[in-house]
Amino acid sequence: MKSTTVAGHYIALLWATAVFLLLLTLFSFMLPDLTAHWFLSEGGPVETLSAAGYIVCLVTLVREWEYPQLLDHYYFPSTILAGCARELDFHTLFTSRSISTLRFYTSGDVPMAEKVVVVAVLVFLAWCGIAMIRRHAGDFFTGLRKGNVTALAIAAAIISGGLSKSFDGLGRKLADFGIELGLGGIKAALAIEEVLELGIPMFLMIAIFAYFPKVTAARVQRNAS
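Under this note's numbering, the residue at position 224 of the sequence shown is numbered 205, and the numbers go up by one with no gaps.
Treat each hint with caution, since some may be false.
Unchecked claim - Label-pair ranges, simulated between beta-carbon atoms:
id : residue 1 : residue 2 : range
1  : Glu95     : Glu47     : 26 to 32 Å
2  : Phe122    : Trp(-4)   : 17 to 23 Å
3  : Ile111    : Gly24     : 29 to 35 Å
4  : Val43     : Leu15     : 35 to 41 Å
5  : Gly110    : Thr16     : 33 to 39 Å
6  : Pro194    : Gly159    : 52 to 58 Å
7  : Leu15     : Val97     : 17 to 23 Å
8  : Trp(-4)   : Pro194    : 18 to 24 Å
9  : Ile111    : Thr76     : 21 to 27 Å
10 : Gly142    : Trp19     : 20 to 26 Å
11 : Leu4      : Leu52     : 37 to 43 Å
12 : Ala33     : Ala107    : 33 to 39 Å
13 : Gly25     : Glu47     : 34 to 40 Å
Please keep in mind that the hints were generated in silico from the structure rather than gathered at the bench. All of these numbers come straight from a predicted model, not from anything done at the bench. We treat Cβ as the ideally placed atom computed from N, Cα and C, and that holds for glycine.
Model the full structure from these sequences, guided by the hints.
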């Protein structure tokens, strides 16, 4: 009965988070242009909250998992740390140009050492993604079928990430098809993108908080035996 109550609490929290993100998006629409730019831009409140959310996720993993478990699941903290670094604009902060552009890898102006380090990091993160899929995809889809809160929250984070990428540079993407997006449309697309990016760590926090009571209970039972 207790576990059902806890699961219901986290399901309600998932819905509350989705409603909060929707209201935050609508609030962003209503802001004056200059205020909206500050609110949604790099270093603004929304991006800062996103980075803080990733930090909460990372600290929770380090706090709740024992060192061998943390080492065995290295790909989780590594991926979360990468998400936090992305929100803090590390992809442009320490390199000659943004590592998310093709010119970073093809331009002769970028030092080879930078390219080697960045490619190594990207290969490691790709390996982390492969490791997660290989080790947890089965449990993830089983959890979705059973309505497991952790699986549902992770799915919500994935959907938020995918949708945010679709709104990233929407004006430029539509221009390729001869569609011009007005200033209002660009502002709306930016608001949706940034708020969806905030949704990623928020949903991940729910996934982690819902998961760890089981881990703590198992640890207590193991220590008592």
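Could you work out which earlier hints the structure fails to respect and list their numbers in ascending sequence?
-> 1, 7, 12
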